[in-house]
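Q: Below are the chains, spelled out letter by letter.
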Amino acid sequence: MSGPVIVLVEAPGDEPDRLSLEALALARGLADALGGGTAVEAVLVGPGAAASSASAALAGHGVAVAHVPSDAWLHAYAPAAWAAALGAVIDARGAAAAIGPGSDRGSEVLAHVAARAGLPMAANVVAAEPGVSWHLTRQRWAGALLEDATLDAPVRLMTAAPHAFSAEPPGVGGAPAVVALGITLADRDLLVRVVSQESPVEGAVTLTDAKVVVGGGRGVGSAAGFAIIDELAALLGGAVGVSRAVTSAGWRPHAEQIGQTGTRVAPDLYIACGISGAIQHIVGCKAAKRILAINKDPDSPIMGVADYAVIGDLGSVVPAISAEIRRRRS
Amino acid sequence: MNILVCVKRVPQTGGRIVLTADGQEIDRKYLGFTVSPHEECAVEEAVRIVEAAGGQTAVLSLGPAEADEQLRDALALGIERAILLETDGGEWDPVSTAAAIAAAIRDQEAAHGPFDLILFGNESADGGGYQVGIRVAVALGRPVVNGIKALTFRDGIVIARREAPDGGWETYELPLPAVVGVKEGLNLPRYPSVPGRIRAKKKEIERVLAAVPDAGSVTLGPRKQLLRLPVEQAAVVEILGRGPEAAPAVVDMLVQIGVLS
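For the record, the sequence lines run as chains A and B. For the first sequence, numbering that gives the first Met the number 0 assigns the number 0 to the initial residue and increments by one for each residue that follows. For the second sequence, numbering that gives the first Met the number 0 assigns the number 0 to the initial residue and increments by one for each residue that follows.
Chain A on its own, in the form it takes in the complex:
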């Protein structure tokens, strides 16, 4: 019988975050393939980890046990401390595999676990199959390329590629049994930790949570040109995203960049204005449910991934859309 598949589940507030729930989907698939009633177990971390609502929210996600650290030090983010907690559960439970969410934190913690244990780690996995060697498929170039690889190790460490799995509960199992996780952290585990935080601007819609993202590229022409992009985003209650050309030109802050070296978004609608569609940008927006491209060039690469398109100059098209929305609302 196989040891369990352990998942690092981050609970920033009362509930687990979306990428952690996605990682649970990869874990369930692996547990099923391992057979013999292999269990999925969670290690809950983050400020909400100790809240009963966080473990209760795992009901239906097929999680048998939730390990909840009793050490308050594990509530604030400290990569090595979170790695120590995950490593302790991996050892204690004889885990077959451990999976982290495909977030900055998930990747960082799994890399620490791997480095400390001297084991390989596969980042951004989209499919995995146990066997004598485990066969897995992982993303490269932020998903523009796939790599089929093998992973041979006593514990298989990986992260789940963002938005490659569903976060919806399949309705398997009830709320997990909660087990207190008592570990002794070494000073070195807490040497690097979040010492202060700045909250986001009140009421601002973040790129990762936005239902609508209005993206502007080189075609917007200037920093001032973004007024019409900001206006449309505000009317739709969405966020503004930009291409790399825009941040390289200094027109907008890097925090708004969508793409391989920026944020990867998954809104209901992505409106790409004056964006040609280089690979490094497409990988950041292709998880959108729908894409509307507004571009002068009907042959630009963005048209290859768009569901809807308006052929024309964004300088006249975008204000016309904003005006039409206002007209219908009045």
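Among the hints, a few may not be true.
If you only want the chain A side, here are some residues facing chain B, beta carbon under 7 Å, derived [stated by the list, open to error]: (1) E107; (2) A122; (3) A126; (4) E128; (5) V131; (6) E146; (7) A148; (8) V177; (9) V304; (10) S329.
Computed spacing ranges between beta-carbons, pair by pair [unchecked claim]: (11) S260/B <-> G59/A: 26 to 34 Å; (12) R326/A <-> V235/B: 24 to 32 Å; (13) S132/A <-> G89/B: 18 to 26 Å; (14) T218/B <-> V178/A: 39 to 47 Å; (15) P113/B <-> D267/A: 48 to 56 Å.
Calculated from the structure, these hints are not laboratory results. It should be emphasised that the depicted structure is a prediction, and the values quoted were computed from it without experimental measurement. Ideal placement from N, C-alpha and C gives every residue a C-beta, glycine not left out.
Starting from the known structure of chain A, fit chain B onto it as the hints suggest.
A: Quick look at chain B alone, frame taken from chain A:
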């Protein structure tokens, strides 16, 4: 401040990726090479820190003989010294890469004195393993943080900031010597000057054979079998119109898909 920056030679991709017939690598016939944008920012930051506070800078890359091109790019921007950990050109997994880099850093420090700060890109553009910098730090027993978009210093401490999951910012403080993985957005890298390029051309690059780890003593991987392009569903584009006259059709669509009521 004595700073080392680690960079990786990667193909420069534009509109699409083409693979070689055996599916082992990207067809690089028509491609130039570069380093990840994250690493461009790491190089720029090292140069700025030393310009402001004094010190020494070095750049290191594990890769084929041709990776001296990326090292010279860094020298042209103002990095003083370059070390190439030369491989036979094949792709190294993250475990092997980190082990060879950590060993080389120990040798460099024995010869030239300790590095106060070692900078990596958050992840390489091509492999995207998200781990080499962390593995090197753990091997060297130094504190490490990834994903950093702002760096300042105070009394032997590096203050590092990164974007928080909630859209805000979070701050870390690491005692030096430390390892930091940085992201694009840390700064806007400068373009190399002509004198910089000429200076870089004349500089000697230290070439060291990269140490292949003993596969019997460590667990390597993941092991690449095949690269392939994802099968994309051919999107059928619905043209909603041309020019501003398309606005009503766009708003109809927004209502239809439920983003506007």
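Q: A separate judgement is required for each hint: does it hold in the structure or not?
A: So, going through the hints one by one against the coordinates:
1. Taken as an interface hint, E107/A checks out: its beta carbon lies about 5 Å from the nearest beta carbon of chain B, inside 7 Å.
2. The closest approach between the C-beta of A122/A and any C-beta of chain B is roughly 4 Å, which is under the 7 Å cut-off, so the hint is satisfied.
3. Given hint, A126/A at the interface with chain B, is violated; its Cβ is 11 Å from that chain's nearest Cβ, farther than 7 Å.
4. At its closest, the beta carbon of E128/A sits 12 Å from a beta carbon of chain B; the interface hint therefore is violated under the 7 Å criterion.
5. The interface hint given for V131/A is broken, as the beta carbon of that residue sits about 13 Å from the closest beta carbon of chain B, more than 7 Å.
6. Using the Cβ-Cβ criterion of 7 Å, the hint placing E146/A at the interface with chain B is satisfied: the shortest such distance is roughly 6 Å.
7. Taken as an interface hint, A148/A checks out: its beta carbon lies about 4 Å from the nearest beta carbon of chain B, inside 7 Å.
8. Using the Cβ-Cβ criterion of 7 Å, the hint placing V177/A at the interface with chain B is not satisfied: the shortest such distance is roughly 24 Å.
9. For V304/A, the interface hint holds, since its Cβ comes within 7 Å of a Cβ in chain B; the closest pair sits about 6 Å apart.
10. Interface hint status for S329/A: violated, as the beta-carbon distance to the closest one in chain B is roughly 13 Å, over 7 Å.
11. Between S260/B and G59/A, the C-beta spacing of about 30 Å keeps the proposed range 26 to 34 Å intact.
12. Here the CB-CB span from R326/A to V235/B is close to 30 Å, well matched to the stated 24 to 32 Å.
13. Hint check: S132/A to G89/B, Cβ distance near 20 Å, so the stated range 18 to 26 Å holds.
14. Between T218/B and V178/A, the C-beta spacing of about 29 Å breaks the proposed range 39 to 47 Å.
15. A C-beta distance of roughly 52 Å is found between P113/B and D267/A, which places it inside the suggested range of 48 to 56 Å.
The structure fails hints 3, 4, 5, 8, 10, 14 (numbered hints given earlier, in ascending order).
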